[in-house]
Structure formats: structure tokens, C-alpha cells
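Student: Each chain is listed here by its residues.
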Amino acid sequence: MVALLVSLRWRQLGHQLARNPWMIVTLIITGLMALGFLAVLAAGLLAMRFAAPETAVTVLVLTGALITAGWWIGSLLVSADDTLAAERFSLLPVTARQLLPGMVIAGATTIGGLGTTLALALMLLGWSVNGLALVVGVLIIPLALAICVLGARVISGLLARWLARRRSRDLVMTIGVLLAASSGLLINLVLAAVREMGDVGPAFAGAADVLGWTPLAAAFGVPASIVAGDIGAAGVRLLIALATVAVLWFASQALLAARLVAPIQSGGGGRVRSGGIIDRMLPATPIGAIAARSLRYFRRDPRQVVNVVMMLFLPAILIGVVFMNGLQEDSIGFGPVVTLVPAIDALLAGTIMQMALAYDNDALALHIHTGVRGTADRLGRLLGFGVIAVPLLLVLCVASCVLAGRPDLLPGSLGAALGLGAISAGAGAWVGSFLPGRAPAPEANPFGRGSSGGVQSLIAMAVMSPITLILGAPALGFAIAAFWTPALGWVSLACGLVIGAAAVWGGAELGGRVLDRRWPQVLAEVSSEA
Amino acid sequence: MTDQTAAPPVLALRGLRKQFGPKLAVDDLSLDVPAGTMLGLLGPNGAGKTTTLSMTTGLLRPDAGTAWILGVDVWQNPAAAKALMGVLPDGIRMLDRLTGAELLRYTGLLRGMTEADVVSRTGELLEALGLADAAGTLVVDYSAGMRKKIGLACALIHAPRLLILDEPLEAVDPVSGETIRQILRAFVKGGGTVVLSSHVMELVESMCDRVAIVAEGRLLANGTLDEVRAGMSLQQRFLSLVGAHDLGTETLAWLRSS
Chain W
1 MVALLVSLRW RQLGHQLARN PWMIVTLIIT GLMALGFLAV LAAGLLAMRF AAPETAVTVL
61 VLTGALITAG WWIGSLLVSA DDTLAAERFS LLPVTARQLL PGMVIAGATT IGGLGTTLAL
121 ALMLLGWSVN GLALVVGVLI IPLALAICVL GARVISGLLA RWLARRRSRD LVMTIGVLLA
181 ASSGLLINLV LAAVREMGDV GPAFAGAADV LGWTPLAAAF GVPASIVAGD IGAAGVRLLI
241 ALATVAVLWF ASQALLAARL VAPIQSGGGG RVRSGGIIDR MLPATPIGAI AARSLRYFRR
301 DPRQVVNVVM MLFLPAILIG VVFMNGLQED SIGFGPVVTL VPAIDALLAG TIMQMALAYD
361 NDALALHIHT GVRGTADRLG RLLGFGVIAV PLLLVLCVAS CVLAGRPDLL PGSLGAALGL
421 GAISAGAGAW VGSFLPGRAP APEANPFGRG SSGGVQSLIA MAVMSPITLI LGAPALGFAI
481 AAFWTPALGW VSLACGLVIG AAAVWGGAEL GGRVLDRRWP QVLAEVSSEA
Chain E
1001 MTDQTAAPPV LALRGLRKQF GPKLAVDDLS LDVPAGTMLG LLGPNGAGKT TTLSMTTGLL
1061 RPDAGTAWIL GVDVWQNPAA AKALMGVLPD GIRMLDRLTG AELLRYTGLL RGMTEADVVS
1121 RTGELLEALG LADAAGTLVV DYSAGMRKKI GLACALIHAP RLLILDEPLE AVDPVSGETI
1181 RQILRAFVKG GGTVVLSSHV MELVESMCDR VAIVAEGRLL ANGTLDEVRA GMSLQQRFLS
1241 LVGAHDLGTE TLAWLRSS
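Protein chains in written order, with our numbering: chain W, 1 to 530; chain E, 1001 to 1258.
Don't read these hints as lab results, they were simulated from the structure. You may find that some hints are simply not true.
Estimated spans, in silico, between C-beta atoms of each pair [claimed, not checked]:
(1) W:L171 - E:N1045: 36 to 42 Å
(2) W:L239 - E:A1144: 50 to 56 Å
(3) E:A1064 - W:N188: 57 to 63 Å
(4) E:G1091 - W:Q12: 19 to 25 Å
(5) W:A3 - E:A1144: 33 to 39 Å
(6) E:V1200 - W:S7: 35 to 41 Å
(7) W:A3 - E:G1243: 38 to 44 Å
According to the in silico footprint, chain E covers these stretches of chain W (three or more CB under 8 Å from chain E) [stated by the list, open to error]:
(8) 103 to 112
(9) 279 to 292
Note that the structure is predicted; figures quoted are calculated from it, not measured. For glycine and all other residues, C-beta sits at the position ideal for the given N, C-alpha and C.
Given the sequences, and given the hints that come with them, work out the whole structure.
Tutor: Next up, the structure:
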């Protein structure tokens, strides 16, 4: 049974890869990132092993706790497409007791599981400060791995019924994408905070000591206690770790048994507010209908909610970066540059418009067999996006000028943001009509499969960027010049509005003509699997 | 009957051809559907039914040949041809993050209808198809049968001259099935024309006055129900044309345990 389940998991992965070459690329990139992380871990441990052996132990326990926590939380993100979901076995004459060992080992031999095993093995570098600790370090590898895998099973099992609701799945997915997108800044913030705090060694050592008594890092606490020379504590921590495994084992067996006889079916979120205001606000024409539909999708489709939330988040991230650099070089501080942050944010409009057709996937067929004109499709989507983006950018521009203490720069800030936003949206509307890219299918888990927009999106970016830069140069240039001569901000605003409007019109017209000619090909491209 | 044959066909397929890689999905297929008739399109899995319907409705560009709707070429003048058709595709996603009522309104407005018409017809269609209670639920949360029904409502909302329905009754419960049959009969009685594909012989025999049988991308039979049946049941006739796959007594012998 164990071998059967493990080979089942790998065969399914193999078939997925064979069908979707982009997943191989994603997998290789993920693998390289994981290897990079492991290399950093190894180098750090090696350095610490000789420079500061005591610190090494602290770091090992904390890293161990992080890995375990990563497994437990990560299980929520990937649980949506579990190839060995209990439901798939509910019609077969098998018991939870028969299935669980195979499922745990299959979980430990996934790509993530193998990477974790490798990381745990690398930790031996750190434990090698003490012979006994090294031996114990080897013995706790399976223990730690079991806590990771079983804990992930228990957590996703406990939350399975909640996750089966569409709304909760959407929420988890949105939060996950946002965390992934802002992880770089978060890490920087934490590192900066650590640097600010100065001597944090004792605090970390204390945290490591406490965590070593909890299920999260008890397994790592055992060799840590041995290094500290406290055999008694090591014994107690070993008992905690073993008890954790036992409790998690029986809990996951019980959860599995329950799901085998009461399979969880993914359900919906029930009724939704229909938002009649949207319909009243927009004209009852094809363009108005498409705009209203885009607006609803920006709120209801998790893949697109992420886009809108990114537009809200990116300025915060960018201002955070400016702020952090400002801290280090006081001479710059909050410069007038901050007033151009909304303009950078507005550039997202290009990709959002370019990908608009891809998000519809084969549901786009409705636009084709109802005979919508290409221009109506383009204008409707631009209008829908504009209803969100324009007010957002207005607020951001005002806020950034207040933050910079330069209200006189508002016209330039608006000119750059609205101008670049409209120009890149127009460029996206045109480029998206022949290079729509690919989005994960509506029901797919953005983490489970290769979610890259593919080569098409990269080419599209290469086409859109020069257009946006050339057409946007006047608005951006005068906005920058306004730093010294504020009156030029009004020139920037005029340029932005005029060129922006022309770009939107041109993009919709050109893109619409392409669509009228190529609807069937576009449908084939956005609905193809690979 | 004579005036029907004299009038131009509502749907005319001429030399349709589509190749996917090495597989010839549709091979030089021509077919006429006269006004006021209901044509059942039959064929085994993979026969090219859906490919043919996709080329008819403007979703898939044929390698050769074209489709005419009331004398309008789908591939020369797509907008005019599409305005005459109502389509229920099979196996294609819907914009399922809209509620049923929103999807109907959306389809109606895309068809260029006035808001007043859209609102009144949306209410009537939802009521008639038993979806009134689910009007405010997202289509993604609908059951398979409910999706068929809302898809059919979308195909009907602009009162088309020609309905093209791919598997219209699949997964639909008997009560709603009877409603749909009544709707389609009334539509044909009022001069409308229907092309529906199905695997259910009973549906085709009870509903359709014309039958076309397709296999491996070719038209094997085409005519009135009685012409095609040629004295047999439709099931027997279909099997004799397509080729029945008779199991020998030894195959799956282990299943006969008692």
C-alpha cells in the first residue's frame, strides 16, 4: 500500500509535467530557489560552526521551528489540489489505518519533503559541535520530518470543512499570493528591525529555548540540550517530540477515517450581493455590461482580487523601500520622488489589461458567439478597470504629496500617474488582443500549478514597456521637472490627460480590430492547457 | 412541405473541414436545415459533432468550407450571422462568477437588447426554467443541470431564429426536461429552427423531425426522422450505420459470477 501510494503521487506529477511544459520551468525555478536557500543555510552553518558554535545551536532550533511552521501553514495553500485527497479513496475498500502510512511517506517524498530532508541533513553541520549531539541529530531527522508531515495533515484536515467553502478558499489564496508578493519587503523589514535592535543574541537564545519545549521545535531541542550538557532536559524534550508524533498520528488517522466515510465536497458561498449600483451607474450597452462584469470579477475572482490588492499594496511597498533607504541616508529623506510612486503603481494597468482575456479562459466564448465587437470588448474592460483605478490613483497621489510635504507637486503627480496608467492600459488593451498570455484556470490553485503567464506575457511586456515609456515621457518628464519648477506640473497633467486619452482610444480601436479578425484564434490560445 | 423546401435553408453547412494535427475531425461536411424544423445531430463520442457546431457558431475557424445562417456567411459577416443564432455550447466554462440573473442580463446586453427587454425576459426565463430561487446564486455554485438551464436561457434571451444546442438535456431532471421540451416545441411551432446534438435516442425520436448522423467527421445519414430510421428503431439504425461493437461471450466472463 505504501509503495502504491508513493508511486501514484509521482506518476500523477509526471503526467502533469508531461502535459504542461511550463510547469517544468516553474518547477526548475522553484528547485533552484530551494537549492539556493539550502546553500545559504549550509554556508551559514559552516561559518557559525567554527566562529560561534553556541549561536549555531540557537539558529538551528529557530530554523527548525520555521521549517515546521512553514509545513503547517503551507498545507493550507496546497490543500486545494491534493492528489491523494481522502475523498478519492472513499469508494475503495480501504481503512484509514491502511492508508495513513503510505500517505505520510508519500507526503515526505514530495519535492518539498525531499528538500526538507536535505535541509535537516545539512543541520548536522551545526550539530557536529558535539559528538553525541551529532548522533542524536541524525536520529531526529525522521522525527522532525514526521512532525512536519503529520502536522500539515492534521491542520489541513481540521480546516478541510472550512476550506471546502469557496469563499474561504478564495481568501486563503489571496492572502497567500499577497504574502508571497510582499515576502521580500517583509524579510527586509525584519532584518532591518534586527539590525536596529543591535544585540539580539540573548533574545533569540531565549526564544530558541522556549520553542525547544514546544511541539514546533521539540525535536530540534533534543540535540540543543545535549550541546548545552543538560541530558535530563534532552530526555524530556525527546518525550515531548515523541508524544507530538503520537498525538498527530492518531489525530490524522481519526481525521482520515472520518473523511473516508463522510467525504467533503467543495461547496459554494451561497448568495452574493448583486451590487445593483454597478448596473445603474454604467450604461445598459455592451460596453457598460462588460465594464460592470469586469468590476464584479475584480471583486469575486480571487485571481483578479489579487491584482487589485497588489495595486493597493505596491505603493506601500515602494514607499517602504524609499523610507528604509531614507533612514540610512538622512540627506535624502522623504524626497519629492515619493510623489511619483503612484505613477509606478499605475504601470500595473498594462499587465492587468493585457491579461484580461486570459482570465476569462474558454468562458470568453460567450463574447464570441454573441458577436460583441472587439472595440466594445476593449472599451468595456478599460472602463471597468478605470472605475477602480482612477479613484485609487487620485487618492494615492494626494496621499503621496501630503506624505512628501509638497502639495504643490500634486498636478505633476496626477499627470504622471494618470498619464502612465492610461497609456499602459491602452498599450495593454492593444497588445492583449494578440498576446493575451495565460492565466491559471478559474478553478485552479495558483500555487499548485505553473501560474506563470508564460513566454507570451514576457513578450507582451517587451512590447508594452517601450510604448509606455515613449508616450509617457512628456507626462513623466514634466512631472520630474516640476520638482524644481512646480508650475510645470500642470504641463505634465495636460500631457498625461491628452496623451492618455489618445492611448486608451487608440489601444481600444487597434485591439478591437485585431479581435474582430482573430476571435477564434484568441479563444484557442487562452483556453489551451499547456 | 413544398414551401419549406423552396425557401432557403436556415442553416447551410458547405464543405466544412477541420484537421487537428494528424486527426481529421470534420471531413467535407455539408448539411441543410430547413426553416421550422428540429434537427437531431447524432454521432458516437469523438465523431466531430462539437467541432462542427463550433465552426457553425463562429468559435472555431474551419480549414475549408463555411456555414450560412439565413443566407449570411458566418465567416464573412460574423456579427450579422451571430445575431440570428442562440447557442448553448457544451463543455465550455461560463462566466461563472456572475449570478444567474447577472449572467442573463450580461448576455442580453451583449446581444444589444434594450434594458427593459432584458429585465422582463430575464424574469420570465428564470421563472419558466425553475431558476427563480437561484437567481442570486453564483453560477459556479450551480449543479450541472442548473448550468444547462441557465445556458439555455442565455441562448434564448434574444429570441433567435436558429437555436444551436449541444447536449441540451444532459444532467437535467425530468421535470425541467419536460419544460425544455415544451419550450423547444413552441419555438419550432412559431417558425424557429433548432439543431441539437444528443446521445439520447429517445429525445431525438420524440422531439426531432429531422436527423443527421455523423461519424469520423463525415455525414452518414441525413433526412426526415422516418427516412433515416428506414423502418428500424433509431437505435438500431444508428448502430447499423456507425457499426456496433458486439462483445463476444468470453469477454468479461468473470463478471458473470452468478
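Student: Evaluate each hint against the coordinates.
Tutor: Evaluation of the provided hints:
no. : hint                         : in the structure
1   : W:L171 - E:N1045: 36 to 42 Å : holds, 39 Å
2   : W:L239 - E:A1144: 50 to 56 Å : holds, 53 Å
3   : E:A1064 - W:N188: 57 to 63 Å : holds, 60 Å
4   : E:G1091 - W:Q12: 19 to 25 Å  : holds, 23 Å
5   : W:A3 - E:A1144: 33 to 39 Å   : holds, 37 Å
6   : E:V1200 - W:S7: 35 to 41 Å   : holds, 40 Å
7   : W:A3 - E:G1243: 38 to 44 Å   : holds, 42 Å
8   : 103 to 112                   : violated (count 0)
9   : 279 to 292                   : holds (count 8)
Checked against the numbered hints given earlier, the structure breaks only hint 8 and satisfies all the rest.
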